[in-house]
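Going down the list, the protein sequences come from chains A, B and C.
Heads up: the first sequence begins at 1 in this note's numbering, then just goes up one per residue.
Heads up: the second sequence begins at 248 in this note's numbering, then just goes up one per residue.
Heads up: the third sequence begins at 495 in this note's numbering, then just goes up one per residue.
Heads up, a few of these hints could be off.
[Said to hold, decoys possible] Computed list of lysine-lysine pairs in BS3-like fashion (alpha-carbon distance at most 30 Å, straight line):
(1) 151(A) <-> 130(A)
(2) 343(B) <-> 695(C)
(3) 143(A) <-> 568(C)
(4) 566(C) <-> 151(A)
(5) 175(A) <-> 72(A)
(6) 105(A) <-> 390(B)
(7) 175(A) <-> 695(C)
(8) 343(B) <-> 3(A)
(9) 143(A) <-> 566(C)
(10) 105(A) <-> 422(B)
(11) 568(C) <-> 209(A)
(12) 130(A) <-> 566(C)
(13) 209(A) <-> 52(A)
(14) 72(A) <-> 130(A)
(15) 377(B) <-> 105(A)
[As the list claims (entries may be wrong)] Some but not every residue of chain B turned toward chain C, in silico, with C-beta under 8 Å:
(16) 288
(17) 289
(18) 290
(19) 323
(20) 326
(21) 351
(22) 352
(23) 353
(24) 354
(25) 355
[Said to hold, decoys possible] Ranges of calculated distance between the beta carbons of each label pair, as one might list FRET restraints:
(26) 157(A) <-> 583(C): 37 to 47 Å
(27) 325(B) <-> 9(A): 26 to 36 Å
(28) 325(B) <-> 722(C): 26 to 36 Å
(29) 583(C) <-> 347(B): 32 to 42 Å
By construction, these hints were calculated from the structure, which means they are not laboratory data.
Note that CB positions come from ideal geometry on N, CA and C, so glycine has one too.
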Amino acid sequence: MLKATIDAEIFRESIDAIAALVTECRLHTEEDMLVTRAVDTANVAMVSLELKSTAFDAYSATAGELGLDIAKMKNILGMMGRGDALTLNLLDEERKLELAFKGYKYSITLLDASTIRKDPSPPTIELPGKAVISGSALNNAIKAAAVISDKIALGIDPDAMTFYMEAEGDTDHIKLALGEDELVALNPVGARSLFSLDYLKDMGKVMAKADEVEVNLGVDHPVKFAFDIADGNGRVEYLLAPRIEAD
Amino acid sequence: MLKATIDAEIFRESIDAIAALVTECRLHTEEDMLVTRAVDTANVAMVSLELKSTAFDAYSATAGELGLDIAKMKNILGMMGRGDALTLNLLDEERKLELAFKGYKYSITLLDASTIRKDPSPPTIELPGKAVISGSALNNAIKAAAVISDKIALGIDPDAMTFYMEAEGDTDHIKLALGEDELVALNPVGARSLFSLDYLKDMGKVMAKADEVEVNLGVDHPVKFAFDIADGNGRVEYLLAPRIEAD
Amino acid sequence: MLKATIDAEIFRESIDAIAALVTECRLHTEEDMLVTRAVDTANVAMVSLELKSTAFDAYSATAGELGLDIAKMKNILGMMGRGDALTLNLLDEERKLELAFKGYKYSITLLDASTIRKDPSPPTIELPGKAVISGSALNNAIKAAAVISDKIALGIDPDAMTFYMEAEGDTDHIKLALGEDELVALNPVGARSLFSLDYLKDMGKVMAKADEVEVNLGVDHPVKFAFDIADGNGRVEYLLAPRIEAD
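Generate the whole structure from the sequences, applying the supplied hints.
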């Protein structure tokens, strides 16, 4: 059971964060929040999202699982304006989700959750390096690297006390090094791993809206990005596997 | 004979209304107005347009018929700015139309009117249901329905006192019901017909600019949309044939 | 040797002016300016650009030649914002150019200048007709002509005291005639030549930003456009060969 009302813009922001990685997912309704965790088809990236009941104007739910066509949701939410109140309501023995806003009633047949990949287990990895940076600066760096390469190295240099991003093209090279002045916070543990820009570009567009993104890094380990949504009433985490650095 | 001056923006608005349905038409010059009536190539939709001499800064014409390449006119008018004065002038024994604005003189060879489909007769149909709605709300509803289907039902529910639009996708459903509070006017006679969204999307873009659109409906009958252009000095009517509702 | 700092927007403007015609060029560093002169692959158009040391916040250079991939530079500069300070620095015995802005360091391997076409000699042609016009008016006229044709005639009518542009389509014709009131200056010597709009459209986009463009014309001769960049601390000249006017 789910019946909830929320600013359409906030719900769209949540769906967009998921849509950066997957086209469908299992959305779990819990008594005090909506939760999803999904892995992309290539098993390279994972998104976790929590949207607390406090993000909603009204929220009432029991434990359940909804199979969501994220791509379709993104289309429908694209038509709503900021400030529109959106009401979500499970119908027909939980087989349909109704989205109501203004005079509109959208009724969407849910996917059979059993046909969607199982939720991944939360990985247990140690990522000792940490930098906190504005989402727009992070997204700009990703876009800058994408001009000359399809891979980017993210790292922390404890001697220089910098968080850096570095990309290597056939003939060109770009490096962005940010010191403590330009970072919100830095945990200066040596770290460096290489990542595919394909994934980062999609994540970057979502992260660009976040005031602060926590970046967790290790040596040849995944990177974890974590940031708030819904004015602090929700949280998104992206986990991205590293690529092998070729010589 | 035609020699007339008009705000380029107003003339563009008129040409755009025609261009939503046809790429060429017969434009009739009359002593006190320009008039056109044209049917699309599939015989599904009709546009009628009247632009009164009062819409012009200067207007002088005798009865005549011009074969207009509407698509080309749309291109040329696209370059003019709001507030530019546009002068129309028939040249060369009425075989060329000159468009002058600022220092520019565009001379367009007219189409041979005899090669363009004859004007359709004005249809005589009874459409007892009527709702008056803002053009932008109407266009938004058309776009919302287009996300999930290629057909939309428009209707009036006299019991609920609502004008409604409803679309059915393979697995999804959308309904927008507007009560008297959200309408400019409603004539609550039961009506419902199904229409192709292909046509409505093009009409919707034009109607979006109108403050009020009068929608006339019957049961499995065409729909007629009527709205003012040129600050009330012109009027456009669209007529669209219904589609058969499949079971 | 080159080490210089400049507003990123001004440098981008200079690169864009070159990029309208060529994808690579030889950039000459001189003690008091940067200079380039390049011809397009079809030998139809030439660009000359001077950017004086006064356009820079800091400038220090010795005579030298850099092989620049203009298309790549345009991409990289596209990411910088107005007001960002950009530092140019030759590295590695002049084989790499480093672009630094904010925390970023872009290092670009220069092209081997010997693989780039030799600089063209400055042509010695007499173009007695001259009109000075705003860049945006010039660009608008080019776009208007492009709607109906792929060629445009530029000319000066000394009797009417006008600078004019004229294009002929299969069935249509456009003429823009600008009198002394609408021009910054006019040297009324009879002139008329025909040009390809393909080239002019690309030049037009660059010239649109110039307050004044000096247009020099002859009879069936090339046209020369000259305009300031960098707040008067730089100058661009475009030279475009005429096409034969077919009867």
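Broken hints, by number: Failing hints, ascending: 5, 7, 8, 12, 14, 16, 17, 18, 26, 29.
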